[in-house]
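Engineer: Residue numbers (our numbering), protein chains in the order written: chain A, 337 to 621; chain B, 337 to 621; chain C, 337 to 621; chain D, 337 to 621.
Hints listed in this document are in silico derivations from the structure and should not be mistaken for laboratory results.
As the structure is a computational prediction, the values presented were derived from the model and not from experiment.
Careful, some of the hints might be misleading.
[To be verified] Covered by chain D, according to a simulated footprint, are these stretches of chain B (three or more residues, beta-carbon under 8 angstroms):
1) 398-407
2) 444-452
3) 472-485
4) 521-532
5) 598-607
[What the hints assert, rightly or not] Sample of chain D residues facing chain B (criterion: CB under 10 angstroms; computed from the structure):
6) Arg352
7) Arg448
8) Asp451
9) Asp473
10) Val475
11) Ser479
12) Glu483
13) Ile502
14) Ala506
15) Gln533
16) Val576
17) Pro586
Even for Gly, the Cβ is constructed at its ideal location relative to N, Cα and C.
Number of protein chains: 4
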Amino acid sequence: MLGPNNYGKAEVRLVRLTRTENRHDLVDLNVSVALAGDLADTHLTGDNANVLPTDTQKNTVYAFARDGIDSIEAFGLRLARHFVDSQSTISVARVSIEEYGWRRLGPHSFARAGDAVRTAVATYDGATAWVVSGISDLVLLNSTDSEFHGFLTDRYTTLAPTQDRILATAVNARWRHGDAEGNWNQRFDDAQEAMVQAFVTTYSLSLQQTLHAMGQAVLDRVPEVVEVQLSLPNRHHFLVDLAPFGLENPGEVYYPADRPYGLIDGSVLREDAPPPGLAWSMSPS
Amino acid sequence: MLGPNNYGKAEVRLVRLTRTENRHDLVDLNVSVALAGDLADTHLTGDNANVLPTDTQKNTVYAFARDGIDSIEAFGLRLARHFVDSQSTISVARVSIEEYGWRRLGPHSFARAGDAVRTAVATYDGATAWVVSGISDLVLLNSTDSEFHGFLTDRYTTLAPTQDRILATAVNARWRHGDAEGNWNQRFDDAQEAMVQAFVTTYSLSLQQTLHAMGQAVLDRVPEVVEVQLSLPNRHHFLVDLAPFGLENPGEVYYPADRPYGLIDGSVLREDAPPPGLAWSMSPS
Amino acid sequence: MLGPNNYGKAEVRLVRLTRTENRHDLVDLNVSVALAGDLADTHLTGDNANVLPTDTQKNTVYAFARDGIDSIEAFGLRLARHFVDSQSTISVARVSIEEYGWRRLGPHSFARAGDAVRTAVATYDGATAWVVSGISDLVLLNSTDSEFHGFLTDRYTTLAPTQDRILATAVNARWRHGDAEGNWNQRFDDAQEAMVQAFVTTYSLSLQQTLHAMGQAVLDRVPEVVEVQLSLPNRHHFLVDLAPFGLENPGEVYYPADRPYGLIDGSVLREDAPPPGLAWSMSPS
Amino acid sequence: MLGPNNYGKAEVRLVRLTRTENRHDLVDLNVSVALAGDLADTHLTGDNANVLPTDTQKNTVYAFARDGIDSIEAFGLRLARHFVDSQSTISVARVSIEEYGWRRLGPHSFARAGDAVRTAVATYDGATAWVVSGISDLVLLNSTDSEFHGFLTDRYTTLAPTQDRILATAVNARWRHGDAEGNWNQRFDDAQEAMVQAFVTTYSLSLQQTLHAMGQAVLDRVPEVVEVQLSLPNRHHFLVDLAPFGLENPGEVYYPADRPYGLIDGSVLREDAPPPGLAWSMSPS
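Okay, chain A solo, but in the shape it has when bound:
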């Protein structure tokens, strides 16, 4: 029996310049399209009559970019609606976009800002549109105001409680909007600022507590956001034991470990949040 399925073109790279007389603007995207619909034939017999080629999807991304890109949320919505509205065999479209930031150096000169990636996922089923915005790979660190103690112990526990540790993470956050139209760029700036401020100002007794404060801050700041999902690796920084060399180490020299790492997944949502529909997954259970 054929189960849920979708297909599309992934990682269409795109740079869009806007040229005015004295200044260029630049948008740098990675766009992925996924379509679902009446696709049983191609799975079962290889009959492609209902299949819009992924190459065509790529072409559409470039052609639509010609009209300008105001925000990745709006661009994703426009593409998603196009695929469903123009092809009767396509019932759901999802467009996922990563945006890479650039810092201006001059009227037409830029340096890539490598500190985080902005993301958006727009989904449309012919009737409803869902928008999820997000940020990934934003690495944050507090060098104090973090404790961890009072935890469960068992036969396998060797961890010592601590009253002062480094807390570091790479933020991967996504937030679901309750609507599908708005000032996406402003919302993104607000959400990012709220999250970062919550990380900075929360005196942390666990990374879970910090995660929850970050999600809550987005809900508090951006009224249209109804749910926030965060996945935060705990990038452990271990104090190096310098005693064998006759040295103290009063919280100064640390070894940042690669693996293993803690991983905290959590979410915060409004009590009256509408059901997510297809916002998080094209084929929810």
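Given chain A, work out where chains B, C and D should sit, using these hints.
Structural biologist: For chains B, C and D alone, kept in the frame of chain A given last:
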């Protein structure tokens, strides 16, 4: 409002030797643990009384490895059951494992086999156990017996139909078992062989058709498997145009592109498959 | 016959906090040590009497970090001198360091700045010390003021000349100092600023010309620098052909390609530059 | 003053099929070209009259592939000679090639063999041709027959001597041929087999000793090889301390660390080896 959440230690790297007089055996794993349960307090107040530290989870992985590792499915199940059964605050445990293969060179010598990664995810909620096995990064290529034509066209379609193309993909497959006890190693070998044979022998009119044949082959070969999910990138190989240099190119010189790529997600399941429960996700919608 | 050889500990990760009452400072490094000397025995017979273990090298990095890190050049020099001066069997030491930048968010809060990596290589042979500073992964783009034409053509040339293209690169630069003592941080800031400004202000007829201007700018700005080596990938941005969709593309929609890419290696040095000695390589031909 | 420089197209990906009635053969390459010569003008003024575009180099790779690829050494030599012989402004050409292996699954079906990459670098200056062959990313492990003790100690030494450890490495080896014509595929097979056998059979007192044995084995097996350079990371496997859990660990449960790692660079050459010329570097000091 606090939403679904879990936490754990990710990417615990582990090599387990078994030493007999004349020969060593080696198992090379990457183990990730995720736990869910009565964890609201640590999110809301930073009270960690219900939190088994991720460091303890790591220790447990190493301690359990001391008893030997027969298969990653059985090892994952044992760990998942331990966390739920030993801690009243933990209601669901999921253990995800990657296994890296090694080729024997001598009684105690090995070369890493880089051709694929075997995976398993074991989930336990105190009553039911779910097992998903899989394989990732298995790169397969057919140099002929692949066509693509008869597809939908629109204003943005430029792709030419083809009667003969290279079909290449990196298999990422996961299959759900209907039970939680069995000869996991045999099942894995059977499933992998069935999938590879289906790829090799299917005359393909679309990657979707090949995907479906691969999923179907696993169901046909391994009776205990009830569902197969496949995610197959279409690694495009474009025929290079040599005409400007006065040369024909009768299907000989190709450019394998990095990005963009097609991406086909699909699944096949038995009509009488039991509901997936927590097999695919710790917090299903 | 045993040829040139060296050994050491690579990628010692290190975070150093400096704590004052109202503010923490943070340095984030990746340190690699390589030692050469009287090491024939360990190669030929496995006699390790002359071998300082790489584990000891790692410990030394951490112990020295306890005294503070003013600049990566000075820290590297101190380590290199230590290994040669303290061990009679070690005749040459090289310490290579990468520094990852962080942006301040608060008195003890930071965000990783992902836009470039600062590097230094300090080498010491018991008599002379050499210092090479550098920067890597600094991605720069000019959206105009770049042409490419008038080139050689042959039977295999299909490239069209262009009067206006995007010029983008990921700067990997290293510059050799003529001395081994100085205000390294100031020099780095000056060199980086000079290079970036040269990229921004050079009207480019080839990436080679831009490379040369960047190297020249470092020599002009920092008197102690005697040689600059640059390796610049040409990150091609191809104008997308929108004509099949009835659209013009007046320099607006581009496809940034991953591979292949041009790669330009070049260097600029002062006429009176001293010979490089071991600055660039521990075992020069 | 302009210093040494070169330019070229890097990472031209290429799959070459050979079609016979009952069977296809496949070669999968990544080709990089670098050219040096009379290139001062493009650096100093942007005059490109002497510059063969990197796009043309890419085209040439594809056009030459049309004639078939017997070995990467021969293909690289042919390309290198072409660039120098056909362009008076180009005096040195270097072609570096990576070859990815595939395992046959059927007459026209293949699975990528991920266990190592074969490499070749061919350099030509109009008179002399140099060939370096190699292998990279071949991960080998001996689970016993490795000791490490008798080393130097100082204030910073904490490492305990060991009589039995896991020895693991990722082989990066390159060997220089004394000629420029031969049965390259046979030589490669012989060299690889000799190296692997030396790793397997050497009772190791240090990774340096193993490295030297591996290099020596290549010289012993392949008479035309005159020098072997090896760079071997020491992939540490640390015995996990299970004592806190009341368990012994008699060499069974290991933690394979990511970073830091030891790194051993060494070379072996024949006493009568000819000077390397441009074999290892286009611009030797």
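Engineer: The structure should be examined with respect to each hint, and the outcome stated for every one.
Structural biologist: Going through the hints against the structure:
With 4 residues bearing a CB less than 8 angstroms from a CB of chain D, the region 398-407 of chain B meets the requirement of three and the coverage assertion stands. Look at the region 444-452 of chain B against chain D: 9 of its residues bring a Cβ nearer than 8 angstroms to a Cβ of that chain, three or more, so the hint holds. Judged by the Cβ-Cβ criterion of 8 angstroms, the region 472-485 of chain B is covered by chain D as claimed, because 9 of its residues qualify and three suffice. A count of 1 residues in the region 521-532 of chain B with a Cβ less than 8 angstroms from any Cβ of chain D is obtained; the coverage claim is therefore unmet, three being the minimum.
Counting residues of the region 598-607 of chain B whose CB lies closer than 8 angstroms to any CB of chain D gives 0, so the stated coverage by that chain is violated, three being the minimum. Below 10 angstroms, beta-carbon pairs count as interface contacts, and Arg352 of chain D has one with chain B at about 6 angstroms; its hint therefore holds. Because the smallest distance between the Cβ of Arg448 of chain D and any Cβ of chain B comes to about 4 angstroms, under 10 angstroms, the interface hint for this residue holds. For the restraint placing Asp451 of chain D at the interface with chain B, the shortest Cβ-Cβ distance is roughly 5 angstroms, inside the 10 angstroms limit, so the hint holds.
Checking Asp473 of chain D against chain B by beta carbon gives a least distance of about 8 angstroms; that is within 10 angstroms, so the hint holds. Evaluation of the Val475 of chain D hint against chain B yields a held restraint, the C-beta minimum of about 4 angstroms falling below 10 angstroms. For Ser479 of chain D, the shortest C-beta to C-beta distance to chain B is roughly 4 angstroms, which falls under 10 angstroms, so the interface hint holds. Because the closest C-beta pair between Glu483 of chain D and chain B is about 14 angstroms apart, greater than 10 angstroms, the hint is violated.
For Ile502 of chain D, the suggested interface contact is upheld, since its CB lies about 7 angstroms from the closest CB of chain B, less than 10 angstroms. Proximity of Ala506 of chain D to chain B holds as hinted, the smallest CB-CB distance being about 8 angstroms (cut-off 10 angstroms). For Gln533 of chain D, the interface hint holds, the least distance from its beta-carbon to any beta-carbon of chain B being 9 angstroms, beneath 10 angstroms. The interface hint given for Val576 of chain D holds, since its Cβ lies 5 angstroms from the closest Cβ of chain B, which is under the 10 angstroms cut-off.
For Pro586 of chain D, the interface hint holds, since its Cβ comes within 10 angstroms of a Cβ in chain B; the closest pair sits about 8 angstroms apart.
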